[in-house]
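J.: Line order of the protein sequences matches chains A and B. The first sequence maps to residues 107 to 384 in this note's numbering. The second sequence maps to residues 107 to 384 in this note's numbering.
Please note: incorrect hints may appear among the correct ones.
Any copy, or any two copies together, can satisfy a pair, since identical chains are not distinguished.
[Said to hold, decoys possible] As a list, the in silico EDC-like pairs of lysine to aspartate or glutamate whose alpha-carbon atoms are at most 16 Å apart:
id	residue 1	residue 2
1	202	268
2	295	268
3	295	201
4	255	304
5	300	191
6	362	351
7	372	345
By construction, these hints were calculated from the structure, which means they are not laboratory data.
Number of protein chains: 2
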Amino acid sequence: MQIINNISAVRSKITALKKKNKSIGFVPTMGALHEGHLSLLRKAKKECDIVVLSIYVNPAQFGPREDFKAYPRDKKKDCLLAKKEKVDIIFYPSDKMMYPRRYLTYINVNEITSILCGKSRPTHFRGVTTIVGKLLNIAGPDVIYLGQKDAQQCIVIQKMIDDLNFPVKVRICPTVREKDGLALSSRNKYLSAKQRKEAVVLYQSLLLAKQHIRRGTKNIATIKNMMRKKIKKTSGKIDYIECVDAKTLEPIKTIKGKILIACAVKFGPARLIDNIIV
Amino acid sequence: MQIINNISAVRSKITALKKKNKSIGFVPTMGALHEGHLSLLRKAKKECDIVVLSIYVNPAQFGPREDFKAYPRDKKKDCLLAKKEKVDIIFYPSDKMMYPRRYLTYINVNEITSILCGKSRPTHFRGVTTIVGKLLNIAGPDVIYLGQKDAQQCIVIQKMIDDLNFPVKVRICPTVREKDGLALSSRNKYLSAKQRKEAVVLYQSLLLAKQHIRRGTKNIATIKNMMRKKIKKTSGKIDYIECVDAKTLEPIKTIKGKILIACAVKFGPARLIDNIIV
Numbered sequence: 107m108q109i110i111n112n113i114s115a116v117r118s119k120i121t122a123l124k125k126k127n128k129s130i131g132f133v134p135t136m137g138a139l140h141e142g143h144l145s146l147l148r149k150a151k152k153e154c155d156i157v158v159l160s161i162y163v164n165p166a167q168f169g170p171r172e173d174f175k176a177y178p179r180d181k182k183k184d185c186l187l188a189k190k191e192k193v194d195i196i197f198y199p200s201d202k203m204m205y206p207r208r209y210l211t212y213i214n215v216n217e218i219t220s221i222l223c224g225k226s227r228p229t230h231f232r233g234v235t236t237i238v239g240k241l242l243n244i245a246g247p248d249v250i251y252l253g254q255k256d257a258q259q260c261i262v263i264q265k266m267i268d269d270l271n272f273p274v275k276v277r278i279c280p281t282v283r284e285k286d287g288l289a290l291s292s293r294n295k296y297l298s299a300k301q302r303k304e305a306v307v308l309y310q311s312l313l314l315a316k317q318h319i320r321r322g323t324k325n326i327a328t329i330k331n332m333m334r335k336k337i338k339k340t341s342g343k344i345d346y347i348e349c350v351d352a353k354t355l356e357p358i359k360t361i362k363g364k365i366l367i368a369c370a371v372k373f374g375p376a377r378l379i380d381n382i383i384v
Numbered sequence: 107m108q109i110i111n112n113i114s115a116v117r118s119k120i121t122a123l124k125k126k127n128k129s130i131g132f133v134p135t136m137g138a139l140h141e142g143h144l145s146l147l148r149k150a151k152k153e154c155d156i157v158v159l160s161i162y163v164n165p166a167q168f169g170p171r172e173d174f175k176a177y178p179r180d181k182k183k184d185c186l187l188a189k190k191e192k193v194d195i196i197f198y199p200s201d202k203m204m205y206p207r208r209y210l211t212y213i214n215v216n217e218i219t220s221i222l223c224g225k226s227r228p229t230h231f232r233g234v235t236t237i238v239g240k241l242l243n244i245a246g247p248d249v250i251y252l253g254q255k256d257a258q259q260c261i262v263i264q265k266m267i268d269d270l271n272f273p274v275k276v277r278i279c280p281t282v283r284e285k286d287g288l289a290l291s292s293r294n295k296y297l298s299a300k301q302r303k304e305a306v307v308l309y310q311s312l313l314l315a316k317q318h319i320r321r322g323t324k325n326i327a328t329i330k331n332m333m334r335k336k337i338k339k340t341s342g343k344i345d346y347i348e349c350v351d352a353k354t355l356e357p358i359k360t361i362k363g364k365i366l367i368a369c370a371v372k373f374g375p376a377r378l379i380d381n382i383i384v
């Protein structure tokens, strides 16, 4: 396993591998690796000759009052975990390298970035699409691996890739959960013991919604109300609960076709998100 | 020479050539080819194994009241000229292919796109950077060739390529001029005989500025006034006359270092631009 800090070094390394007809699988992360990330690395290892992992806490996707500084960083542990998964290359750049002085360029996906998480985090997805665009240009992978936990991120990145004709395939892997159902997230570290116990309510409210849809409930307001009631029994503060088209994120009027049910709830400093597709 | 309309066809053709270690030179155009474009094709042919020419009148870079519909289109003539220059591949896509239904993604370079031409054409450069980003992802060239006539476009595209880490080199080629000095442009076709004669004033006013700078004039207002006076003797309507840093387009206070002097003047339906570096 090679840890590379430098853009031109990682690029020439990967270009050489591609000339030897090696396929490149790419997993972009902000580090603080957990089983969710590892499942992406395993999938990439299975499907591609070379696995490239990027670890970079991207300032552009954090709002001014968000947790950029507090975001967990543990290079040593991350590298150990990556080595166990037989990652070939870790790209570990600095802020100076990714956003040099007088940086001016951003990729914007309109409309679908101003709903759900984009409503309370207005510059978040601009930061995500910009860094992913940069990383795709640097690593030039054949396949990029993303986790379904960040459902909107998956759809926004897929849309950017389609619209801008990036020559890469997107593979979305299932959400990995704790035993009690809580979706794995680097931000779970922010939770107190009490909050940790309560936080399972995100998944439980999603399962409740699923159950009622399976039983025939078609009214979206009814479903959202049910979820809201359940979450309100905890100390969590609801950011949003939404039911939208699972492919386009477009608003829907009634339960029909594939639907994404998604919610965001704040427990103290931790803003948690979860979703299911029904 | 192959004319390809289809994104995946042109991509797989070029990918195959790159696997054979062929270098790819790329010239993006809106067609209506003139000696300026041909000089780019010749430079590309000299420096690269394969020359890819794209011909696409990009709607995203025209404002609502601009000349998108009137813009000259002559596929047959363009293909003949390209063949003479030994172009290997012409990429000739449709609007439907480049901007399918529910297209949402744009590349924005901030600041340097809202001055000079960007002031009177507020969405122009967003259209330019988006289409060039798309074409770079489709063609994957080693070198892109641009003409100095569109000075701001060259700097904006270079900035996008640097900021987003596109793996491509930029080569900027000198402006090609008519015998009397008028910069070649597809839009010169809009000029009446009288306007055509008058239009040489753009270059003449630039030369006047150069002369005075060479003689020691340091005051920018003086230089701009001189140019304004000269242009006002014709029927042309001045859009802007500017002196800025030739690398960054940043405003300057006095003549020092490499300076871009640029102007835009309207003659009837034709908005003409020209520039020199001093």
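J.: Would you mind marking each hint as holding or not holding in the structure?
T.: Now the hints, each set against the structure:
For the identical chains of this complex, residue 202 and residue 268 are inter-copy neighbours only, at 13 Å across copies versus 29 Å inside a copy, given an alpha-carbon limit of 16 Å. Taking the shortest Cα distances, residue 295 and residue 268 never come within 16 Å of each other, neither inside one copy (34 Å) nor across copies (36 Å). In this assembly of identical chains, the alpha carbons of residue 295 and residue 201 never lie at most 16 Å apart, being 24 Å within a copy and 48 Å across copies at closest. For the identical chains of this complex, residue 255 and residue 304 are neighbours neither inside a copy (18 Å) nor across copies (63 Å), given an alpha-carbon limit of 16 Å.
In this assembly of identical chains, the alpha carbons of residue 300 and residue 191 never lie at most 16 Å apart, being 33 Å within a copy and 73 Å across copies at closest. For a Cα distance limit of 16 Å, the shortest separation of residue 362 from residue 351 inside one copy, 9 Å, qualifies, whereas the shortest one across copies, 57 Å, does not. Taking the closest pair of Cα atoms, residue 372 and residue 345 come within 16 Å of each other only inside a single copy of the chain (7 Å); across copies the shortest separation is 52 Å, beyond that limit.
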